[in-house]
Amino acid sequence: MQHNTAIKILSFGLIAEITGPEFSAAAEDTQALQSQLLARFPKLSETKFAIAVNRNIVHGLTPLSTADEVALMPPYSGG
Amino acid sequence: MMQPNPRYQRHYDLQDFGVAAQQKLERASVLVIGAGGLGCPALLYLAGAGVGKIGIVDGDAVSLSNLHRQVLYVTADIGRPKSAVAFQRLSELNPEIEIEHFNYFITNQKAVELFPQYDLILDCTDNFAARYLINDACVLLGKPLVFGAIFRYEGQVAVFNLADESGLKTNYRDLFPIPPNQNEVEDCNHAGVLGVLPGIIGTLMANEAIKILCSLGHDLRHKLWTFNLRHYQNYTLALSPNPAAIVPKDIETFLSVDYHWLCGVGGTGIDEISPQELSVYLTSQNPLVIDVRERHESPEVDFEHVRIPLSELKKQLPNFDSESIVVFCQSGKRSLEAATLIRASLPESSKISHLKGGILALQEFAHGQNT
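If you're matching them up, the sequences are chains A and B in order. The opening position of the first sequence corresponds to residue 1 in this note's numbering, with each subsequent residue numbered one higher. The opening position of the second sequence corresponds to residue 1 in this note's numbering, with each subsequent residue numbered one higher.
Just chain A, same shape as in the assembly (with noise of 0.2 Å):
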């Protein structure tokens, strides 16, 4: 993993306990980082989650860059 091009990783609810809060990843686009995290944590692949890059929900291939922060968001269902 190349360190100028980490980007750092935000985990909530499920996810979090599957990842940990907090990591970092080097990935071009969304898509090579999803195939990644599924690869590095299987148990992801049994949950549904939306991606934010820098706080805005993406949908579909998005670019990453260096110093970009993403955030992996499950939906919460309690009340």
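In case anyone wonders, no lab produced these hints; they're calculated from the structure. No experiment lies behind these values; they were computed from the predicted model shown. Keep in mind that a hint or two might mislead.
[What the hints assert, rightly or not] Pairs of lysine to aspartate or glutamate, EDC-like flavour, derived with a Cα cap of 20 Å:
| # | chain 1 | residue 1 | chain 2 | residue 2 |
| --- | --- | --- | --- | --- |
| 1 | B | Lys315 | A | Glu46 |
| 2 | A | Lys43 | B | Glu300 |
| 3 | B | Lys314 | A | Glu46 |
| 4 | A | Lys43 | B | Glu252 |
Following the hints, put chain B in place on chain A, whose structure we already have.
Quick look at chain B alone, frame taken from chain A:
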């Protein structure tokens, strides 16, 4: 000019609020779906604030394990319908507002009947089936929705389906287009919850409702606000329309959607057994009883059973040679999933049942009998 009401004096005194905002509240109507952990604080503050008409939808009854967080209820209310008790308490709190109460769980049909009678909807439910149903109904019926949800020590609040200056609206499906399987996420009955968390999140939902109704600005439209109770960290995400977000195209289509099925819960051909009925059923039918909780889970039960955790059933389903099977777990969710799995592997003539509300409900029933 309306005569100022001393009940709302502190609102009149408040800068940027005053008589004008109070009158907006008094002319407004809010439907609160779910009178549990989120609904109780939301209802208390909305009623106290003087929202002119409040509707309460909940088909559940008060139980002992609700009381640490569902602040409208007291110990003597156990077993009574939440909607009726909430109605009584809120009427005492503020007899000057109109309160309607509905002792049922929300359905597609009820949403279509009720939502048009209110200005704003609050989703205080505890399951994905209800959350997607409410979201879709709000989109189709043009109702703004205040959303709140919790998981362990974390909470989410958002405002959906409220147009900004350019007319743009976003909804829950822009965030999560496809309903998760309910089994992906544990509810409070499984995962536990610190009582104050829904207190905070439900109160913030009331706050969003009041801001929207009084046009105070800075509400959470196009945003998901999340909060972690342990670290006091909050994190706000911005939402934009998601091309994958597909809401049923019209009311007729909406009415035909089975949200329970979409969220992977429920199943046909599975009977529910209530805690009251269980012991008679076990003696009269002599069924095979399966505990599908994981092996470390307690409490143990005092009737004959085998333990096959749901996780093992999913890997390999044994060949059950019994005409009648009863499945149970802690809260009745995993047992329903297990019963659905087993149902699919057995002939139609076999009878599959699960214990509604699980061991927790059984314990509460036993507790009620002993006191």
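Hint-by-hint comparison with the structure:
1. B:Lys315 to A:Glu46: holds (14 Å)
2. A:Lys43 to B:Glu300: With a Cα-Cα distance of about 29 Å, the restraint between Lys43 (chain A) and Glu300 (chain B) is violated, given a limit of 20 Å.
3. B:Lys314 to A:Glu46: With Cα atoms ~13 Å apart, Lys314 (chain B) and Glu46 (chain A) stay inside 20 Å; holds.
4. A:Lys43 to B:Glu252: violated (38 Å)
In this structure, the hints that do not hold are numbers 2, 4, in rising order.
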